[in-house]
Amino acid sequence: MITRRHLLGSAGAGVALAVSGQKIAHAAGAELTPGVPEGVGTVATMEALPGKKPLIKLSYRPPNYESPLEYFRTPITPNDQFFVRYHLADIPQVNADTYKIKVGGDGASTPLELTLDDLKKMPATEVVAVNQCSGNRRGLSNPHVVGVEWGYGAMGCARWKGARLKDVLEKAGLKKEAIEVAFDGADGPVVDKTPDFIKSIPAWKAIEETTLIAYEMNGQPLPHLNGFPARIVVPGWTGTYWMKHVIAINALTKPQGGFWMNPAYRIPVGKFPVRDRFISQENAASTPITEMVVNSLITSHRDGAKINAGKVTVSGMAWDGGYGISSVQVSTDGGKTWTVATLGQDLGRFAFRPWSFEFAAKKGKNTVMVNATNKLGQSQTSELIFNPAGYHNNVMQRITLNA
Amino acid sequence: MRIFTFAVVAALIALPAAAQEKPVQLKKAPGLDKVEANCQACHSLDYIPMNSPFPNAALWDAEITKMIKAYGAPIDDADAKAIADYLKKNYGS
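The listed protein sequences derive, respectively, from chains Y and U. Position 123, counted from 1, in the first sequence is what my numbering calls 123; the numbers after and before it change by one each time, with no gaps. To convert, count from 1 in the second sequence and add 1000; that's my numbering.
Please note: incorrect hints may appear among the correct ones.
Claimed, not checked - Under 10 Å between C-beta atoms, here's a sample of chain Y residues computed to sit facing chain U:
#1 V40
#2 V43
#3 T45
#4 E47
#5 L49
#6 Y60
#7 N64
#8 L88
#9 G139
#10 P143
#11 P189
#12 P263
Said to hold, decoys possible - To be clear about the criterion: a stretch of chain U counts as covered by chain Y if any three or more of its residues have a C-beta under 8 Å from a C-beta of chain Y, and this derived list gives those stretches:
#13 1021-1035
#14 1050-1058
#15 1066-1072
As the list claims (entries may be wrong) - Derived SDA-like pairs: lysine to any residue, alpha-carbon spacing no greater than 25 Å straight-line:
#16 U:K1022 x Y:V191
#17 Y:K193 x U:D1079
#18 Y:K254 x Y:D106
#19 U:K1069 x U:A1084
#20 Y:K375 x Y:L297
#21 U:K1022 x Y:P189
#22 U:K1022 x Y:G147
#23 Y:K193 x U:D1076
Bear in mind the hints are in silico, worked out from the structure with no lab data behind them. In this text, a Cβ means the ideal position worked out from N, Cα and C, and glycines have one as well.
With the hints as extra help, turn the sequences into a complete structure.
Given below as structure tokens:
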């Protein structure tokens, strides 16, 4: 187990990393989530992409940047604080004036092309929804698994506005034989042989009222690195389906193939308490990741923070796959007893739900644990459910506060 | 000269993500030249230390195989072996 102290020792919290002949970047040390692989501390830096506040840079190319803990103190994550995640490094600047989405596939009888203006002329829907990378918290897997070693910050919650995918599919003559709807984005691989990032969702999910082709995020056009000019929004489901810079939508009567559907983004069958299934992609051993599992995060304090003895308020966010949070419970005695926290503003069942909890901190070490429960009665796990890709980590968080 | 500078600046503005990229210095050891020549065509080198030091030899072999077979990286056998040796020795467990 890698301790926080070990991490700080290897990275040098707050120390500038000198890179020869280049501007100095600040090591992300203190911003890193305790428990990520030791090597993360040697390369993670705090860097501001164009139009963004500093994020924790894990990889430059393709760009993978997570949000530090402080950016999760409001239920809406501002666009300039929102994480960035790409699989492939060829990321064009898309020109909104010439941008088009091709809608078709063998499951659509009247293929069509949509411009951004066409999209905006359709009835608009707004939804506040958490966009969380499937691999969020992968870096906390025990044992560690390879991949982008995310801590807590590969997620954000925004108000998305766009056209319903359902309306677009209806225009394109969605056939009843269609079983999946597949998406492709303008970004692509550097080498031709690298599989392009193409993802599908079940037709039933595609025609839900809240599945959108979004062109606004928190009242603004989408930032370039969050999918300008339009991206797919699949509330409740992990970010892998939220195709950025979407340029093709295909209704399919057969399952979408390709690396990114299988073997990528799969979970072992039967290991996780998820209700939504993606049956056309399932096999005996594995199934695509679908809805997010119920989860929570303490955002008011970091592990090891100094506090004053006496009244202390801890707070944070809770979220799930769209059933809605019913309660958040906090324990200050190592999990022996639990007390219900106060829930904050309800921005809808797909949104971050703020919570807060006041307790009397004693001199010395105070442990704080948090556990969220959703309206299906599902709550977080106390032991990691290990899986090879490090998905669905909703182990109850436990921090120590020192008074 | 002035025009040249302007062109460079314009190019950087056109590639905001790429313009952020700073060199990632890996451990200087035999095989580093092969890592630099092959791996960074598709991804920045920070992926390597980020995924360390936990991978054992089998895991690094599996990663290189994945890069070649699944992602289509054009790496010849000799380079693949040099890269594997370098990663196991410098970024392995």
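These are the hints, each one checked on the structure:
no.	hint	in the structure
1	V40	5 Å, holds
2	V43	4 Å, holds
3	T45	8 Å, holds
4	E47	6 Å, holds
5	L49	6 Å, holds
6	Y60	4 Å, holds
7	N64	9 Å, holds
8	L88	8 Å, holds
9	G139	9 Å, holds
10	P143	7 Å, holds
11	P189	7 Å, holds
12	P263	8 Å, holds
13	1021-1035	holds (count 5)
14	1050-1058	holds (count 6)
15	1066-1072	holds (count 3)
16	U:K1022 x Y:V191	22 Å, holds
17	Y:K193 x U:D1079	19 Å, holds
18	Y:K254 x Y:D106	9 Å, holds
19	U:K1069 x U:A1084	15 Å, holds
20	Y:K375 x Y:L297	18 Å, holds
21	U:K1022 x Y:P189	21 Å, holds
22	U:K1022 x Y:G147	21 Å, holds
23	Y:K193 x U:D1076	15 Å, holds
In the structure shown, no violation is registered for any of the earlier numbered hints.
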